[in-house]
Amino acid sequence: MTEKKMQFQRKVLPKSPTSIHGLDEITGGGLPKGRPSLVCGGAGCGKTLFAMEFIVRGATQYNEPGVFISFEETEKELTANVASLGFDLDTLVKQKKVWLENIRVERSEIEQSGEYDLEGLFIRIHNAIESINAKRVVLDTIEILFSGLPNPHILRAELQRLLGWLKKKGITTIITAERGDGSLTRQGLEEYVSDCVILLDHRVNDQSSIRRLRIVKYRGSTHGTNEYPFLIDEDGFSVLPVTSLGLNYNISDERISTGIPRLDTMLSGKGYFRGSTVLVSGTAGTGKTSIAAQFVESACKRKERVLYFTFEESPGQLIRNMCSIGINLEPWVKKGFLQFHATRPTLYGLETHLTTSIKLINEFEPSVVILDPINAFVMGDNQTEVKTMLLRLVDFLKMKRCTAFFTSLTSAGENMEISDVYISSLIDTWLLLRDIEIGGERNRGLYVLKSRGMAHSNQIREFKLTNNGIELLDVYVGPVGVLTGSARLSQETKDEAEQLLRQQEIGRKQFGLVRKREAMEAQVVLLHSEFEAEESEALKVIGIEKARNDRFASDKAKMAKSRKGDVYMKPVIKSRAK
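Numbering that gives the first Met the number 0 puts the last residue of the sequence shown at 577; the count rises by one with no breaks.
Simulated from the structure, these hints should not be mistaken for laboratory data.
Misleading hints may appear alongside valid ones.
[To be verified] Computed cross-link-like contacts, DSBU-like style, restricted to lysine-lysine with a CA-CA straight-line distance of at most 35 Å:
#	residue 1	residue 2
1	K334	K302
2	K399	K358
3	K166	K32
4	K493	K463
Keep in mind the model is a prediction, meaning the values are calculated, not measured.
Given the sequences, and given the hints that come with them, work out the whole structure.
In structure tokens:
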């Protein structure tokens with residue numbers, strides 16, 4: 000018997016896209032189609048704008064007309080309030096893409112009885128839906144409708160009947176409600192009858208406002224469960240989901256110059272990796288912004304766009320100050336390669352800064368992004384929140400393959416390697432600037448604390464701010480330690496004098512050796528001459544004596560012959576036969 004494997008085909012819950020940037024990512028496509036969703040939160044958190052954007056985006060981008068029923072604001076007030084977001088409700092109403100209706104519910108007109116229902120409201124909603132063939136409906140805000148009905152059983156029954164009726168009609172519905180004490184809504188009922196519940200929060204920490212969104216539940220669909228920052232600006236809602244960011248971005252092996260040739264040499268001769276994260280930290284006046292400006296100028300010369308976020312100086316002040324060291328950034332601003340965005344860190348909350356930065360990056364599409372300085376966001380004990388914000392920004396920049404350049408101010412006297420440890424894991428290349436005080440002078444030193452993926456120098460370099468930009472110099476390392484500035488020059492002068500003396504002593508010794516060699520060679524020549532003279536005399540005497548001996552032998556032989564005497568013969572020795 001053959002076993003038949005039944006293949007289960009996964010079905011996806013139908014959804015209505017909101018076109019709210021980031022929200023469709025964390026919801027997996029939008030709100031549940033044909034089902035009710037609850038959007039709750041405190042006053043001023045953006046519930047009405049959220050619902051209105053859902054209606055307008057559906058009508059303009061997905062050809063899904065929508066009905067907006069308001070129990071608080073009139074049609075005229077709604078139209079005026081959302082005009083700042085670029086929503087032209089008057090035109091959409093004339094085109095029968097949007098239906099606006101204000102329903103005023105007076106508590107004195109509500110009579111509570113056992114047969115109480117919302118038939119009148121059903122009829123008005125039904126008429127609006129049929130008039131424009133609506134696919135989306137918003138009820139804003141629902142608890143006002145029940146302000147005169149304290150009985151929770153009637154509240155829940157009527158709400159369930161209302162939502163059930165809309166669900167049967169296949170209408171995607173948003174209900175907005177005020178947040179209660181200890182519960183998502185004041186009645187504590189709506190969250191039990193909605194398929195999707197979204198909580199909006201507007202809090203204030205350390206005098207900075209923060210807006211966040213959380214999906215409390217979503218029936219039949221996976222979704223992000225974290226708190227996500229969101230921004231309300233002239234373009235409407237935008238949500239930054241952490242789940243859309245991660246460690247799966249593409250990397251680049253391309254290297255880009257730092258703008259300082261000797262610093263490039265310290266980074267294996269090629270500079271930073273494109274798309275990496277660079278941190279320059281140091282105490283006040285060590286030249287962090289100057290190094291950033293040198294990098295900006297180098298990028299602009301490569302025809303790359305640079306977005307510069309400055310949180311301490313205005314663009315005009317920064318441009319003026321950099322001109323004093325030969326870095327002129329103004330031409331690049333005029334050519335459109337450089338754009339400044341100057342704000343005080345206290346102007347927004349962290350999440351607003353984050354979403355604003357991402358929005359500007361998407362609009363300008365830079366290759367390099369500068370944040371100067373990042374520690375300006377640290378206030379009190381919010382280092383964890385700052386790290387979370389920077390983590391999201393760094394991940395976003397890496398996905399965009401933007402090179403991020405951060406500066407950080409450290410306090411004098413503290414361990415500078417530890418002061419920025421809360422963000423060290425986000426940094427690929429970390430340059431540390433330090434003050435070197437010696438001989439009554441304060442000079443600047445630079446070294447590479449770390450640089451991932453490349454060989455780099457481990458030496459300290461003194462750097463000077465000159466009229467032609469930044470110049471790196473070798474520091475003096477000797478028995479007394481590291482010397483910079485005048486102390487280095489003085490010590491180098493002493494070293495040069497000592498070196499000159501040593502060279503002179505060597506010259507004298509070499510000259511003495513040459514003289515000794517010459518004397519020795521002259522003495523050798525003299526001895527050789529004397530030897531030759533004595534040798535010649537000796538050979539002459541030997542020759543005379545030899546000639547005399549030969550003459551004596553000859554005379555003797557002649558005398559013997561004349562006397563006819565025997566001639567002496569040398570005996571011949573015969574060898575014996577063996």
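Checklist entry - So which of those numbered hints doesn't the model satisfy? => result none
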